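Student: If you follow the hints, you should be able to join the two separate chains into one complex; please do so.
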Amino acid sequence: MSIKDQIREYIAAELGWDKPASELSDDYELLEKDVVDSLGIFKIISFIEEEWDVEVDDDELVPENFETISSIAGLVSAKV
Amino acid sequence: MTYQLHQLLEASADRHADRPALVDRDRVMTYAELNSAANRVANLLVELGVRPGDRVGLYLQKSQEAIVGLYGILKTGAAYVPIDPNAPAMSRATYIIDNCGISVVVTGEEMADKWVEIVSAETALTHLVVMNAAAMDVDAPGVKVIGQDAIEAQPATFGDAGGIGQDLAYILYTSGSTGAPKGVKLSHLNGFSYVRWLVDYFEASEHDRFSNHPPLHFDMSIPDIFGAAMVGAALVLVPPKTSVFPIQIKRFIENNEITIWYSVPSTLSMLLQRGKLEAGCMPTLRVLTFAGEVFPSKYLADLMRVVPHPRYINQYGPTETNVCTYYEVPEPPDPATDIPIGRAIADVETFVVTEDGARVPPGEVGELLVRGSTVMRGYWGDPDKTARRLVPNPLGVELPDLVYRTGDLVREDGRGDYIFLGRRDNQIKSRGYRIELGEIETALYAHDRIKECAVLAVPDDIFTNKILAYVVLEGDLEEQELKAHCKEKLPPYMIPDFFRVAEGLPKTSTGKIDRRLLADEIEKDEEQA
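Chains as they are written, first to last, in the numbering used here: chain A, 141 to 220; chain B, -10 to 518.
So that you can see chain B by itself, here it is in the shape it has in the complex (with noise of 0.2 Å):
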């Protein structure tokens, strides 16, 4: 019986021993093999001290041996924490580490310039095990390089290191307002459940080939790498480059002969504007599947038209809920309206509050409460936090486990489908990347030439939203200095595309600054562009 991740790649490895599990360009590994190989990271794992409970982290880009590591990690009853090779390692790679106490990282040796930094902040950190290259030396007391050579060394049997659904499989760090990042605790019954539903309801089998681009320290990584393990299917990895040119998606699509598609709006809206998509293109799709940020309604209907043949289907949840709701989309959608986020995934059940927690009725706005089993553990050494978003249910029904509070408004629309309206806080989406405003607030603060700053978000048509800074100086400041001092503190996708230099910002009567009239600016420089 499977009730953890790393059982569903066991289970197909007896089941499906042959057939191909992972694609990462013309390398292919079939489930024997993906299995074998991390039960040899999983030996070397042991003894090197992990233990269930553990955090290992990862630290790698999305590739064979990203996927044989994290097989390897949660083999060891241990939960893997993906860091975000693109962000600057100083501050994020380092504050994970730190934060949830890492003594292991699984790496790459595409790494290898940033391993300085890392091993230079004092952490617990004791190992950096590099998956594809040779130990080195890397100048820090107390932090060893294990090769490739010792992981190969190892046997390719591993026993069952115990354990039960409910212990973490995986740490997400996702935007933290106050401008740290937070670590949102997610368990094996967790991704298990959501897994079992989109398995079951993309109607998935062993002959399916699984794709998608979003990094491993996002959650929409989850289905394709368990979902694809469940039914024993392929999972086949987008390379980096591909992700970014519109035509290379479509032939990529193409050549792997790709049946599930999963990605962000934004990618599907540039493949639909410049992919040269033509009738009969994509044959082999069965389901083109979306989340992360609103799809505009007049892009998806335009590609449903062009690509006919595959259901499209809209999945919506916070990390914390890996995924809550979801809405087929069953013909082209009327570019006036909004494409609805749907209703409850099996397993799970939402409902809409006012802010004294009172229901709504059908047709008013309030926030959208989940409960259910793909719900979170809670956030990683913050109890407080913690319990700010998961409460007791409001409804005063008396039961053990607690309900989570999205912060998203929603109207139910009649049709017992969820529309989405908007954030109560600073949240914003970008690029399908949930931010939260404050933090790069944070990070420019930090600056001490910044006296006062706002980030406002400028909604766009193609990537939901850019980021807008407005800066006060204290003296004179280059906006090159300033674009390196964020790409110092926040990961790529947080850095503002804009920043404005202002001699000070419009306050409200509370003296707070009036982030509704700069927006109102922003609105009437774009009317008059």
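Just chain A, with the same shape it has in the complex (with noise of 0.2 Å):
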């Protein structure tokens, strides 16, 4: 599975998101839609860094890197 399909699946299993995940798009506003919040923030982080195993820092608390499913993969990216 892709690293994006992965953050869907998550997003989709643990989030706001009340439909199936295939109707979760890569570019699907998560916050503007209120489908993460400050503790669905917290939540991701935590899956992020025990799936790659990488370190998400302070600094990238940013919306720009959460934004969308694809802003999330490409901060994934960036790391592995």
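Honestly, the hints are just simulated from the structure, not real lab data.
No experiment lies behind these values; they were computed from the predicted model shown.
Ideal Cβ positions, reconstructed from N, Cα and C, are used throughout, including at glycine.
Careful: at least some of the hints might be erroneous.
In silico PhoX-like links for lysine-lysine, alpha-carbon gap of 20 Å or less [claimed, not checked]: (1) 455(B) - 183(A); (2) 230(B) - 183(A); (3) 103(B) - 173(A); (4) 159(A) - 103(B); (5) 173(A) - 230(B); (6) 159(A) - 476(B); (7) 183(A) - 476(B); (8) 230(B) - 265(B); (9) 265(B) - 239(B); (10) 476(B) - 173(A).
Here are some, though not all, of the chain A residues that point toward chain B, as calculated from beta-carbon distances under 7 Å [unchecked claim]: (11) 171; (12) 174; (13) 198; (14) 202.
Tutor: As structure tokens, this is what we get:
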């Protein structure tokens, strides 16, 4: 499974998404549409850090890195 | 003389006409501009039939438009009723509109996709006033959309609608234990008294810059809006996305030179842990104040060491009392102790009683009761519930006013400050929000494949509590469907964080679900993890 799909599966299963994972597109606005809130951000960070054994720096906790599945995947790819 | 909340704005428009009143990202309004804009809204609302004593909905994100609309509503003598823009429109927004008989809703373009749902329900709704877009058609007979142009066409002056301080200023809907939210009625005087204490105690002036992020349906939004107006200070709104990211909060406070910041402890704990705070950061902060949940002492102590210069003030009070007690934290607390909720604010009295209404000696546990000018006028349309919470003084003292039973258990610490110990019922706090677990259970039971359920709070270091739902199913139900169902019925902060499907739930000898046993199980799981 690609990085994007793994993130998609995680968000669909654990956060504020109530439709099938396949309907959550790469550029869906996660923050704007409230799929991800402050608790959600911390869940995603823990998921990323465990799944890919990387560390998310505090400086990287900015909206640009979490706006969409593509941007989260970009953050991960730059680390693995 | 000022005794109504919108008069604070009018007085500041006279005295501080050109000072910044409201900052929403790069949009700044002076006091004169804010007052004129609110006058235009008030004129339009009166044209639409709004009269003193009416309730007008406020259904939009916290923004410049929302604050203009809020003051416009107050000027007409009506009360504003904030509707959570993120809550499900069909079940919650329409419930509120129907419950307090709203005919006009002030809204914003960003809510357009939710209008379809609220206009299709059978309520008294006749007009949607869109603050920031042209009029558009909604497909509903009997509901008309009024656009921004109609507001701008109104005169920028507005007379005095009359009324007194005891009249209703706002109704805040909070979680209700029986499944439906309840509307807390608060008067101008209620808000005014609280803000007057806050301004005095914080030594606020026109040089201050207030900011906080709680939404308008949360009573924590009150001091910033009206406190700033009382002294002619600036209210700086936090862009919604900023409050999700700790580093952004720090930069926001620094870039906007915020002097008084008010938020829930969860936000401050996150700021401490992931905000990259360094010595000398956020230099303009004068007061850091928090409420809504217990601040874990270890985090507060660390925060006070890293950011030593502001005053740290804990505020406490259910929505029904605005705020009723406060505690200023003098130095980094011992991590093994609890931060007190403190003592009564000005013009408020508090006392602690046993279940039979006898006064509890200092050091012993009892329920906190409150009387004073910040205490609500009751629950909208629910005299029974009002009579259960606003009661004659149990100590037998004959007084003209009633006292509010908080349902919170406290103990006095021997120095005159109260320590919060817990609830007498199933109400919990999560991320600062007040939640009745019973309301979540009612929402779950509304699904025909849920045979039985129990919703519990799982204590969490940062968020106070996370929410866990045990469900017993009749047939099959995917977790996805469960979540979708909750999303339709509940605002986001009430949706369980975890679901566990069980074959059955443990019962007590009287046949009730044994919550204690379930809670013990959770604790065991946590220890193993």
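Student: Taking the hints in turn, state whether each one holds.
Tutor: Going down the list of hints, with the structure as the test:
| no. | hint | verdict |
| --- | --- | --- |
| 1 | 455(B) - 183(A) | holds (12 Å) |
| 2 | 230(B) - 183(A) | holds (17 Å) |
| 3 | 103(B) - 173(A) | holds (13 Å) |
| 4 | 159(A) - 103(B) | holds (18 Å) |
| 5 | 173(A) - 230(B) | holds (11 Å) |
| 6 | 159(A) - 476(B) | holds (11 Å) |
| 7 | 183(A) - 476(B) | holds (19 Å) |
| 8 | 230(B) - 265(B) | holds (18 Å) |
| 9 | 265(B) - 239(B) | holds (8 Å) |
| 10 | 476(B) - 173(A) | holds (13 Å) |
| 11 | 171 | holds (5 Å) |
| 12 | 174 | holds (6 Å) |
| 13 | 198 | holds (5 Å) |
| 14 | 202 | holds (6 Å) |
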